[in-house]
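Let the sequences and hints guide you as you build the complete structure.
Which chain is which? The protein sequence lines are A and B, in order. In terms of the numbering used here, the first sequence opens at residue 1 and continues consecutively. In terms of the numbering used here, the second sequence opens at residue 1 and continues consecutively.
Just so you know, these hints were derived from the structure itself, not from any lab. Predicted model only: the values in this text are computed from it and were never measured. C-beta atoms are modelled at their ideal positions from N, C-alpha and C, and glycine is treated no differently. Treat the hints with caution; some may be incorrect.
[Unchecked claim] Label-pair restraints from in silico Cβ distances: (1) 241(B) with 67(A): 37 to 43 Å; (2) 135(B) with 69(A): 32 to 38 Å; (3) 19(B) with 66(A): 44 to 50 Å; (4) 166(B) with 67(A): 26 to 32 Å; (5) 52(B) with 62(A): 24 to 30 Å; (6) 34(A) with 215(B): 29 to 35 Å; (7) 86(A) with 137(B): 16 to 22 Å; (8) 34(A) with 80(B): 25 to 31 Å.
Okay, here's what each chain looks like letter by letter:
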Amino acid sequence: MSLEAYLLLLLAMGLVTYLPRWLPLQLLANRRLPAWLEEWLGLIPVALLSALLAPALFTAGRPRSLELGRPEFWVAVPTLLFAVRTRSLGGTVMVGMGLFWLAQHLLV
Amino acid sequence: MTSGENSREQRPEPDSLRTVLREGLAAGWPVCLGYLPIGLALGVLGGNAGLDPLRIGLMSLLVFAGSAQFIAVAMLAAAASPPAIVATVFVVNLRHLLMSSALAVQLRGSGRAFLALFAYGVTDESFAVNSVRFRDGGWDRWRALVVNQSANAVWIAATVAGAILGGLVPTGAFGIDYALIAMFICLLVFQLRSRLHVVTALLAGVLSVAWSLWVPGDSYIVVAACAAATAGFFLQRRRRRS
Numbered sequence: 001m002s003l004e005a006y007l008l009l010l011l012a013m014g015l016v017t018y019l020p021r022w023l024p025l026q027l028l029a030n031r032r033l034p035a036w037l038e039e040w041l042g043l044i045p046v047a048l049l050s051a052l053l054a055p056a057l058f059t060a061g062r063p064r065s066l067e068l069g070r071p072e073f074w075v076a077v078p079t080l081l082f083a084v085r086t087r088s089l090g091g092t093v094m095v096g097m098g099l100f101w102l103a104q105h106l107l108v
Numbered sequence: 001m002t003s004g005e006n007s008r009e010q011r012p013e014p015d016s017l018r019t020v021l022r023e024g025l026a027a028g029w030p031v032c033l034g035y036l037p038i039g040l041a042l043g044v045l046g047g048n049a050g051l052d053p054l055r056i057g058l059m060s061l062l063v064f065a066g067s068a069q070f071i072a073v074a075m076l077a078a079a080a081s082p083p084a085i086v087a088t089v090f091v092v093n094l095r096h097l098l099m100s101s102a103l104a105v106q107l108r109g110s111g112r113a114f115l116a117l118f119a120y121g122v123t124d125e126s127f128a129v130n131s132v133r134f135r136d137g138g139w140d141r142w143r144a145l146v147v148n149q150s151a152n153a154v155w156i157a158a159t160v161a162g163a164i165l166g167g168l169v170p171t172g173a174f175g176i177d178y179a180l181i182a183m184f185i186c187l188l189v190f191q192l193r194s195r196l197h198v199v200t201a202l203l204a205g206v207l208s209v210a211w212s213l214w215v216p217g218d219s220y221i222v223v224a225a226c227a228a229a230t231a232g233f234f235l236q237r238r239r240r241r242s
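Listed below in structure tokens is the structure:
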């Protein structure tokens with residue numbers, strides 16, 4: 001693929017990536033939203049975080065299959081407890097990485 | 001995260017650029033750290049697919065979407081047609097529609113130019129950090145923008161480095177592959193502020209696992225999040241009525 005054709009492809013990819021990120025901000029940020037919508041949107045972050053995280057802990061492969069007891073899950077348990085107790089983001093990331101590193105060395 | 005109480009609104013002086021940068025980076029560094037191994041891996045894959053460092057860097061600059069870039073590189077390697085690649089990228093990134101909608105509530109009073117710039121950096125990870133910080137208070141759009149753009153800078157650098165270094169890149173060092181998962185775990189904990197939030201999170205977790213097993217691709221993120229938020233919404237309504 002020539003650089004011109006590649007750039008054109010990237011611009012199209014960039015556009016379809018950018019629009020879904022931009023349109024809601026432009027349409028919703030400076031508008032009074034109905035109370036029910038704001039209430040619903042208020043629950044979206046916690047739901048999204050959980051939906052992003054859970055399959056990474058309990059599934060693997062493409063297509064995905066259920067894999068209970070992966071190191072990702074076992075490490076998540078003490079990492080979660082650490083986060084609950086300390087409420088420290090940096091500490092949790094470090095503890096999670098350290099435990100995962102250990103798990104990879106001990107369980108393989 | 002105890003900053004919720006001492007709210008920034010009472011400060012008379014606007015924060016200096018240095019403070020904004022420092023606090024933005026202090027909140028965003030796990031994202032940057034997590035992007036390192038993923039960006040390096042993408043660069044290596046891109047190199048294997050015949051993309052030089054310049055092309056990889058341009059992609060990270062113009063597209064800036066982790067999972068969509070992985071799929072695009074795989075499709076390029078398989079000589080897929082450009083329309084098919086663009087359509088796939090579009091579908092994979094539709095979930096950001098939901099994230100930007102939730103962030104819009106927090107970005108009231110921002111000008112069009114700021115929103116246009118901010119939109120560029122909305123990713124799963126920057127959304128996770130910013131939505132949590134906004135809710136806990138002591139956070140504003142400029143700090144949020146620092147999170148977006150520092151992550152973007154690291155992403156571009158890591159993908160280019162991966163393309164240059166190729167096979168020299170070590171994998172799995174220091175458990176760095178777990179950085180983003182640990183970050184999501186902690187940010188999820190911060191979000192569990194009531195029983196309703198716990199129930200919504202559990203629902204979203206179960207639904208996302210089930211949906212991801214049944215339907216290939218990434219639709220599980222949007223489907224599970226919308227369904228769980230809707231269920232949580234009606235639970236809250238019912239509890240208020242009774």
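Structure-based check of all given hints:
{"no.": "1", "hint": "241(B) with 67(A): 37 to 43 Å", "result": "42 Å, holds"}
{"no.": "2", "hint": "135(B) with 69(A): 32 to 38 Å", "result": "33 Å, holds"}
{"no.": "3", "hint": "19(B) with 66(A): 44 to 50 Å", "result": "47 Å, holds"}
{"no.": "4", "hint": "166(B) with 67(A): 26 to 32 Å", "result": "30 Å, holds"}
{"no.": "5", "hint": "52(B) with 62(A): 24 to 30 Å", "result": "27 Å, holds"}
{"no.": "6", "hint": "34(A) with 215(B): 29 to 35 Å", "result": "31 Å, holds"}
{"no.": "7", "hint": "86(A) with 137(B): 16 to 22 Å", "result": "19 Å, holds"}
{"no.": "8", "hint": "34(A) with 80(B): 25 to 31 Å", "result": "42 Å, violated"}
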